[in-house]
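Colleague: Spelled out from the first residue to the last, the chains are:
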Amino acid sequence: MKRRARREKDRIFKLFLVLALLAGVAALLLLLEEVLRKGLPWLDFRFLTSFPSRFPEQAGIKSALAGTLWLLGLTAMFAIPVGVGAAVYLQEFAGRNRPTAFLQLNISNLAGVPSIVYGILGLAVFVRALALGRSVLAGALTMSLLVLPIIIVAAQEAMRAVPGSLRDAAFALGATRWQAVRRVVLPAALPGILTGIILALSRAIGETAPLIMIGALTFVPFVPAGPLDAFTVLPIQIFNWTSRPREEFRLIAAAGIIVLLGVLLTMNAGAVWLRNRYQRRSES
Amino acid sequence: MSSTSNQVLGADGLNLWYGTHHVLKGITLGITRHRVTALIGPSGCGKSSFLRCFNRMNELIPESRVEGRIHFNGRDINDPEVDATEVRHRIGMVFQKPNPFPKSIFDNVAFGPRVNGYRGDLGELVETSLRRAALWDEVHDRLGQSALALSGGQQQRLCIARALAVEPEVLLMDEPCSALDPASTAKIEDLIGELKERYSIIIVTHNMQQAARVSDQTAFLLEGEIVEYGRTGGIFTRPEDPRTEDYITGRFG
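Chains as they are written, first to last, in numbering that gives the first Met the number 0: chain A, 0 to 283; chain B, 0 to 252.
So here's chain B without its partners, still in its complex pose:
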């Protein structure tokens, strides 16, 4: 198991309610630095809600309530002293459906640095971010064009570039390929493999082959609880819990 210094994020006794609905029930889990951690489980098991705890996005949902701790480099991000915008600045997020702003490609990537008061060379940062998201070669000659003119897969990579531009440590990905065709999906999966050199990644996915392909660690969630968490290879070949086995062999979910 990973030592504390290797752990970038961690949940400790985490409970989440939407109104009276108890979504997450006492989750404790550590996320290893520079690894890809996959969250799998059937629809409604709380994996996306769990992901949104890491950058305090649940706060935006009325009547949501969080209990327990989320550590980020040893600090509790839910501490009243901590500013949510600071957390989101350091923990980026990519959403299920590509959601570029109706602005130019450049302005999309530059959005985060601008709102965070970035003082350096914006053009250089945009280029670096687009390169890291493997999109630069396709768009470098039309940065002023609308992001909405890009294909779905390009839009999603633009959203990744946009998240990278604020220079986060962690990237949260909420089913980033579910709206994409297989070719675009393959590109994003390759990209995830490259990104983990620099970032720690947590990815929610419906697709178990995808989890097996891209992740190092896998957590299986069921009805708001962690059933099993461990090395991806182990989970998919020798699951310890019968429910995990049922799920990954396609018996339910």
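Looking at chain A on its own, in the form it has when it is part of the complex:
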């Protein structure tokens, strides 16, 4: 019967979907297993608190971890206010006209520009023209440019999803545009904006190319004491270790990857917690 054939098709399609899902999960699990098996034995307190070394048993990740945290902190400091500000302007204040549409198109395109291009820009503008040198500040500014489009697009999307009836209500009560944005639109859009920020910072933590371009170091036996110090970050350190000839370095690279994943997960968990807390507060 026709109906049976249809059901059969349905089942086959479902099977295909499950297989597609499994392929992704399996690859991830394999990768994770490999990394954990190799890296866990090397991951200890000494590893986290030691500087890199020529001897694998003395090598640690302290400077790279510190560099990554510096970079993330500074990037968040620049990219979040500027990104959210730009999104608020575009979404709530800018007129619906050609210049706005042009800007909008450009921002969407910027999100797709290869990261190495941002590295070249950072090298020319921040390292050379502004004479910031190969500092963590120059790195963070470059990274901010890289993640700005992600934050802007996500924040705009979140604000667009706030019902127009809420804006109307605010205006009808005599609120100015800024008051409506500040007291109604932004709080309602905050969970979506936070999601965008998580995505952006997750991207920043894993980027290597632009930082190599602006001259982040690969052997840093110190922790940056200020924004103008030289630095390295976790992915660069990991890359550096994997390219060394001694087998043990590959194992500590795996340990480095675990640390990187740990930072990423902690950050995401923190943002999810923040988001849930805010959601509950705005509903209760």
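Hints listed in this document are in silico derivations from the structure and should not be mistaken for laboratory results.
Relax, there's no trap hidden among the hints.
Only some residues are given here: those of chain B computed to face chain A with a beta carbon under 8 Å: (1) N54; (2) L59; (3) H88; (4) F94.
Interface residues of chain B toward chain A, partial, derived using beta-carbon atoms under 7 Å: (5) T84; (6) R87; (7) G111; (8) V114; (9) V165.
By construction, the Cβ of each residue, glycine as well, lies at the ideal position given by its N, Cα and C atoms.
Knowing the structure of chain A, use the given hints to seat chain B on it.
Modeller: Here is chain B on its own, set in the frame of chain A:
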């Protein structure tokens, strides 16, 4: 007919366009103080758009254009000197669908006073506003709870309380009961009867029984023009224009 001092709001040769669409065509109409004025007419006749002229809400719609005057206590609210937020502060609005903010009941009512820089006792103002909207008894012990947890009818009365909290003179109501069940509708209609003691009310409604029940004056709009305007009793019993008669007897619309 009402004298000028009895007239709180008035439209004078009012035209409204959305883009090239001519929505309101030369409307002239006076709104009497402390009365309920109903605007009726078929969908798309411009009654909601007309209502939005009174607190300059049409400005928020891109490509809208207003010509003619709206007097409020003798002053033209479209005068470039006049601040739109000031107009909306004195002419409140309740919308078709209840639209409470995703905040607590208290913060919803306190929103208007806060944005307008109210200096008095906020708690007292919130209580008075909720009492006037006949909601206080139902919510006084849970002001900190989310407004979204209220029923639809309660939400709409909360929106009324929220509009009253900025202490307006006029209340604009855009089909305030169209999303509510009959019991909630009856409550809001009773409330309208009480509110006209203090406020002048303009209500847009689809429901002709409702217009007949709650209003003192009724205006019938058709395709952006006023067909007939007068005492509600007269309009519903002895309409002068045949089109009004056709509409209220349900022949179209």
